[in-house]
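S.K.: In case you want the letters, here they are:
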Amino acid sequence: MTVDTAKPLLRAEGVSKFFGRQVGCREVSFDLHPGEVLGIVGESGSGKTTLLNCLSAQLEPTSGRVLYDTRVEGLQDVYRMSEASRRLLIRTDWGIVRQNPRDGLRMGVSAGANVGERLMAVGARHYGHIRAEATDWLARVEIDPERVDDPPATFSGGMQQRVQLARNLVTRPRLVFMDEPTGGLDVSVQARLLDLLRGLVTDLGLSAVVVTHDLAVTRLLAHRLVVMKGGAVVETGLTDQVLDDPQHPYSQLLVSSILQP
Amino acid sequence: MSVVTGYNFAYLDEQTKRMIRRALLKAVAVPGYQVPFGSREMPLPYGWGTGGIQVTASVIGPDDVLKVIDQGADDTTNAVSIRRFFARVAGVATTERTPEATLIQTRHRIPETPLRAGQILVYQVPIPEPLRWVEPRETETRKMHALIEYGVMHVKLYEDITRHGRIATSYDYPVLVNDRYVMAPSPIPKFDNPKMHRMPALQLFGAGREKRLYAVPPYTKVESLDFEDHPFEVQRWDDVCALCGAADSYLDEVIVDDRGGRMYVCSDSDYCRERREAGHLGPGGPAGLEAAE
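Residue numbers (the numbering used here), protein chains in the order written: chain Y, 154 to 414; chain E, 618 to 910.
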């Protein structure tokens, strides 16, 4: 792998999480650089989501540190900063896209209010501007601006996932965490969402950590891969390298399990 | 009315009053902050003003003159029974006239007559938490208050404008107190919100079921939340009060027959009577009403 001397955006140092005697994830370390998309793959129960929760400041690891390059103070341990600044970080500089859009959206209020919520949270107080910005973002995720006033409950699953994306991107975050962003969507909708995601990541220079069990998703999105098994990282490397020439027996199994249509 | 014996002055025991006064002192010191307190069982059902009645019982003295209003009126069931309750257990003087009262317990209204320094206004509050509709978890709402995370309050107002073209919330309209805490002003109409701003009287809020007290000290800044392009506005009526002709008071619509006849009257019954005594006369209700009276 190339040695990158630039400052990392996110750094995991020996992150471990135990649930009693149960291992969530064990001794995970890596650097994520600006503009980079990291895929975390592995089978169900391999600790992918636990790791993502630890990284995204939602689940404090049992040991290890998660450092983030904040805009003002540089590299900071996210679990050591004050709760106020951590929550501010989560809702401005980060985005968290959940597998189930119902967990990440307010289903009772309009799509526009969903997208505008983060703007209002950071002090926007002009209805017209908020609505215009929300409409603009909905257009960017390919949702008809006509539907800005409809509640997400009336949208299809793929559209809800895109509203969730817009809601997270409206404050122009630098880092987005995604947990199975294409889970539960049919194949053609998955393809469009991936296309969209790839475009946005490139256009906005986003960094992202994407958890998925779908290797095709990582092939399209991720620059680098982390393969997990039983809570531990068994292989890391550039996406193409891992997918085309897997070294660890488990990675080989994973890659060979892809259905070839 | 005879004062009953066998009860401590103003029904509550001194130890309870002391606990409530301590909570009130804290509430006054931190305007808009909800202070938990050990709410007692009172001889009336939750929702009828158990919070307000405990606050009143704790701050009332033998020299106080008490006024109680419900929806602005002095003669509604709830107002009459609470007034009688304190007349019996505390032996205090009661009045229906706003300027004569030193202590006013209210449900749903602020009197039209401006309050003066030295008076105390006690509100009965059903749901003290303004963030409750967006966040059901108490631990989370406390955190949101602590960290001043009030963006979600505007989501509700945003949704109002989206659906109705204007901010349709018309009562319990959220306010920002002293530039710090977002507070539920109890279900008063938003018409009354501007009266809370820099009011010379002390405002105390009691929620009995939710066990919370909060306060707005005299002359405190109370701002209604709004958007720059959709500023806060109060309700207006095309009619004036049918009885006293007032155009500046909160009007209730009263259906007077089964043919769609209606009239508008002041919700503040004391204000309306005062105006009529001063010689003001309204246009009167539909003919059917006068015939019935």
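Because the hints were derived from the structure by calculation, they are not lab data. What you are looking at is a predicted structure, and each value in this text was computed from that prediction instead of being measured. Glycine residues also receive a C-beta, built at the ideal position from the N, C-alpha and C atoms. Some hints here could point you the wrong way.
[Claimed, not checked] Below, simulated EDC-like cross-link-like pairs (lysine to aspartate or glutamate); rule was C-alpha separation at most 16 Å, straight line:
| id | chain 1 | residue 1 | chain 2 | residue 2 |
| --- | --- | --- | --- | --- |
| 1 | E | K773 | Y | D303 |
| 2 | Y | K382 | Y | E196 |
| 3 | E | K760 | Y | E236 |
[Stated by the list, open to error] These stretches of chain Y come out as covered by chain E in the derived footprint (C-beta under 8 Å, 3 or more residues):
| id | stretch |
| --- | --- |
| 4 | 228 to 240 |
| 5 | 261 to 271 |
S.K.: For each hint, tell me whether it holds in the structure or not.
M.R.: Hint-by-hint comparison with the structure:
1. E:K773 to Y:D303: Holds. K773 of chain E to D303 of chain Y sits at ~15 Å (cutoff 16 Å).
2. Y:K382 to Y:E196: holds (7 Å)
3. E:K760 to Y:E236: holds (10 Å)
4. 228 to 240: Since three or more residues must qualify, the claim that chain E covers the stretch 228 to 240 of chain Y holds, with 3 doing so at under 8 Å.
5. 261 to 271: holds (count 7)
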